[in-house]
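Construct all of the structure, not just a fragment, from the sequences and the given hints.
As given, the protein sequences belong to chains R and C, one line each in that order. Read in our numbering, the first sequence has 432 at position 432, and its numbers run on one by one without any break. Read in our numbering, the second sequence has 46 at position 46, and its numbers run on one by one without any break.
In silico lysine-lysine, DSBU-like type, Cα no more than 35 Å apart, as pairs:
| no. | chain 1 | residue 1 | chain 2 | residue 2 |
| --- | --- | --- | --- | --- |
| 1 | C | Lys158 | R | Lys186 |
| 2 | R | Lys141 | R | Lys167 |
| 3 | C | Lys118 | C | Lys130 |
| 4 | R | Lys175 | C | Lys159 |
| 5 | R | Lys182 | C | Lys158 |
It should be emphasised that the hints constitute simulated quantities derived from the structure, not laboratory data.
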Amino acid sequence: MEITVAEALIRCLEQENVEIIFGYPGGAILPVYDALNKTVIKHVLVRHEQGAAHMADGYARVTGKVGVCLATSGPGATNLVTGIANAYMDSVPMVVITGQVSTSMVGTDAFQEVDITGITIPITKHNYLVKEPEQLPAIVKKAFLLASSGRPGPVLIDLPKDVAQAKIDFKYPKKVGLPGYKPTVKGHTAMVQQAARIMCRSQRPVIYAGGGVRIAGAAPELLQLAETICAPVTHTLMGLGSFPGDHHLFLGMLGLHGTRYANQAVTECDCLIAVGARFDDRVVTKISGFAPTAKIIHIDIDPAEIGKNVITQLPIVGDVKNVLRAILPHLQKKENTAWMERIRRLKEGMPLRYKQDGALKPQFVIEKLNEYKEDSAIVVTDVGQHQMWAAQYMRFNEPRSFISSGGLGAMGFCLPAAIGAQLGAPDRQVIMVVGDGGIQMTMQELGTAAEQRLPLKIFILNNNRLGMVRQLQEFYCESRYIAVDFNFNPDFAELGRIYGMEGHTVETPEQLLAILPQVLSSASPVIVNCIIDREEDVLPMVLDGSNIDEAIG
Amino acid sequence: MKHILSVLVENNPGVLTRIAGLFSRRGFNIDSLAVGMTENSSVSRMTIVVEGDERYLEQLNKQLHKLVDVIKISDITRDAYVDRELVLIKVSADAARRAEIMQLVDIFRARIVDVSPKTLTIEITGNDGKIIAFEDSLRPFGIKELVRTGKIAMLRGKKASTKNHTNKEEEES
Ligand SMILES: Cc1ncc(C[n+]2csc(CCOP(=O)(O)OP(=O)(O)O)c2C)c(N)n1
Chain R
1 MEITVAEALI RCLEQENVEI IFGYPGGAIL PVYDALNKTV IKHVLVRHEQ
51 GAAHMADGYA RVTGKVGVCL ATSGPGATNL VTGIANAYMD SVPMVVITGQ
101 VSTSMVGTDA FQEVDITGIT IPITKHNYLV KEPEQLPAIV KKAFLLASSG
151 RPGPVLIDLP KDVAQAKIDF KYPKKVGLPG YKPTVKGHTA MVQQAARIMC
201 RSQRPVIYAG GGVRIAGAAP ELLQLAETIC APVTHTLMGL GSFPGDHHLF
251 LGMLGLHGTR YANQAVTECD CLIAVGARFD DRVVTKISGF APTAKIIHID
301 IDPAEIGKNV ITQLPIVGDV KNVLRAILPH LQKKENTAWM ERIRRLKEGM
351 PLRYKQDGAL KPQFVIEKLN EYKEDSAIVV TDVGQHQMWA AQYMRFNEPR
401 SFISSGGLGA MGFCLPAAIG AQLGAPDRQV IMVVGDGGIQ MTMQELGTAA
451 EQRLPLKIFI LNNNRLGMVR QLQEFYCESR YIAVDFNFNP DFAELGRIYG
501 MEGHTVETPE QLLAILPQVL SSASPVIVNC IIDREEDVLP MVLDGSNIDE
551 AIG
Chain C
1 MKHILSVLVE NNPGVLTRIA GLFSRRGFNI DSLAVGMTEN SSVSRMTIVV
51 EGDERYLEQL NKQLHKLVDV IKISDITRDA YVDRELVLIK VSADAARRAE
101 IMQLVDIFRA RIVDVSPKTL TIEITGNDGK IIAFEDSLRP FGIKELVRTG
151 KIAMLRGKKA STKNHTNKEE EES
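Set out below in structure tokens:
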């Protein structure tokens with residue numbers, strides 16, 4: 001039967017089991033919206049396309065499925081760019097569909113024409129401009145395959161209006177050819193055996209777990225590995241949640257704002273097992289002094305990450321879950337008694353700490369949130385100091401329960417990502433930890449949240465300033481503060497009420513504790529405006545040019 | 001060290017942009033790049049000459065592999081290969097010096113492809129060494145313009161790098 005390409009697109013999405021699309025309409029995408037009339041797929045109308053991309057991203061991170069977002073040509077497409085880049089940097093599976101001007105107009109600077117495939121080459125895993133109507137089904141199939149396999153990432157499909165309106169004989173292909181795409185899933189046998197030998201021989205092993213563990217669904221294997229060889233586990237921002245936070249082998253985050261004991265353990269270890277991590281500059285603050293006494297085993301699905309930042313003795317390219325499963329049978333249980341004792345002393349001797357002086361401390365807010373949140377709660381953060389405090393003080397026992405913009409560090413991520421997360425996991429509690437700066441970057445999406453009746457728990461750590469930049473200016477510009485204070489902020493509690501949510505403002509620990517149990521057990525959405533100590537720094541902190549074991553604070 | 005990469009790519013629109021973009025974005029320098037269709041019209045071959053050490057080349061290789069349109073990369077630098085480049089040179093040639101230039105053309109087995117009262121345009125093909133030597137010998141006469149195609153290369157013998165591309169194998173392992 002002949003149908004339009006736009007209708008075919010929707011059929012393709014149905015075939016891919018897409019349940020939800022985040023989008024915003026416009027002229028060039030009109031045919032696709034028209035076709036959305038005839039589907040069971042839910043469409044969430046956002047307030048800004050950046051929101052659509054972050055929602056698809058948050059949805060994908062929580063569900064493990066491909067997130068889908070939709071926008072029109074020109075400004076619609078360019079508004080997606082930050083969200084696409086964010087998904088790219090954190091390897092989030094996403095399919096982005098944009099309308100384009102008709103093929104005869106492409107290249108003429110037509111109304112609302114931008115070369116979005118050109119713009120997004122560096123921030124997509126791949127992208128397509130659909131030139132021929134017949135190509136569409138295969139392109140969609142390829143897009144989903146690429147987005148979700150290997151190292152996941154966003155794939156963009158740019159669909160000209162006339163192509164969308166053309167008719168084709170629709171058939172969704174079962175298989176598509178991608179001759180240049182063959183991710184390595186299985187680790188090389190000899191390398192796997194050698195890695196196992198090194199692990200067995202090691203007396204001071206540390207596991208450094210990144211976002212790849214969550215993506216591969218390898219948390220159980222990671223736990224088994226850690227317990228078998230008695231290796232403490234430190235994690236990146238992306239790796240948080242992949243190892244139980246209440247486990248005695250848990251070291252917390254490493255790197256720039258990592259725990260002192262995690263950084264010290266990495267510096268002293270004789271074997272560092274990097275699992276689904278990429279040695280980025282927030283972790284490896286200085287290459288020369290990083291894990292100086294360790295043999296480094298690096299397991300990752302992306303061969304280009306091997307040897308990119310740090311030279312590793314034993315690289316294994318493959319799916320993390322697959323590789324860990326291959327390694328485990330070669331290992332024997334061991335105790336590393338002396339190392340365990342050393343780790344215990346490190347943890348005792350250099351705990352995370354902050355001063356309590358009557359003011360409402362951000363760390364205290366996070367600790368209490370951690371205490372009162374539901375076990376399966378999903379915590380979504382924005383970018384800044386509050387993000388680091390959340391990463392330091394929150395504990396998770398389930399993967400996919402901490403969501404944060406890591407690679408791009410995009411302020412404005414939190415609210416839309418939380419909306420996507422809540423729609424992906426309607427039965428789980430979703431808690432936002434966001435700064436007063438970041439919330440104002442995308443707060444128009446409060447409208448989307450209200451419309452979708454989402455019971456979001458929004459905690460604004462309000463210091464009336466761009467706290468993280470203030471901290472940078474304190475350390476790197478001799479406290480010459482500029483452009484970091486907000487002399488006007490709205491009343492965020494009132495803002496919540498305007499959008500039909502509960503609104504509270506708390507300024508002391510007592511006030512927070514007075515409302516927290518009720519707020520977190522009620523079914524209604526809420527904004528809690530937490531007026532926190534404005535001078536608080538995120539500590540420990542590794543200054544530029546220092547090794548991770550030389551943190552201050 | 002200079003490396004010659006023979007890269008097979010799907011002949012899709014934008015593939016050159018993807019490759020050129022990757023080089024500039026990741027700070028890799030291209031010495032030369034030549035591209036054209038292969039015997040299979042859906043596949044193009046790029047011959048890319050780059051300079052760098054092992055680690056640099058390894059990263060470049062891996063990043064290129066990540067491009068979905070890239071089917072196969074062979075670094076043929078250490079294999080036996082033939083390489084050629086075609087260069088057009090327009091050189092000043094008044095009547096007095098014309099004979100001298102034509103003698104050089106003969107020695108280097110180049111060809112004169114255009115003549116004007118004041119200039120000669122010469123075509124030469126060959127490998128780097130020959131072309132550089134020829135260019136050096138013409139320089140004293142005054143080179144007015146020079147155009148190079150960029151190097152193309154092919155493995156010697158019966159081995160072909162287009163056929164049965166086993167693709168992106170586990171190179172690390
Ligand atoms: C889109 C964007 N612009 C600028 C920055 C730089 N930046 C990083 S943290 C930060 C301050 C964030 O302030 P706020 O949201 O109030 O959180 P806080 O650090 O105070 O917890 C800024 C401006 C960024 N990460 N993202």
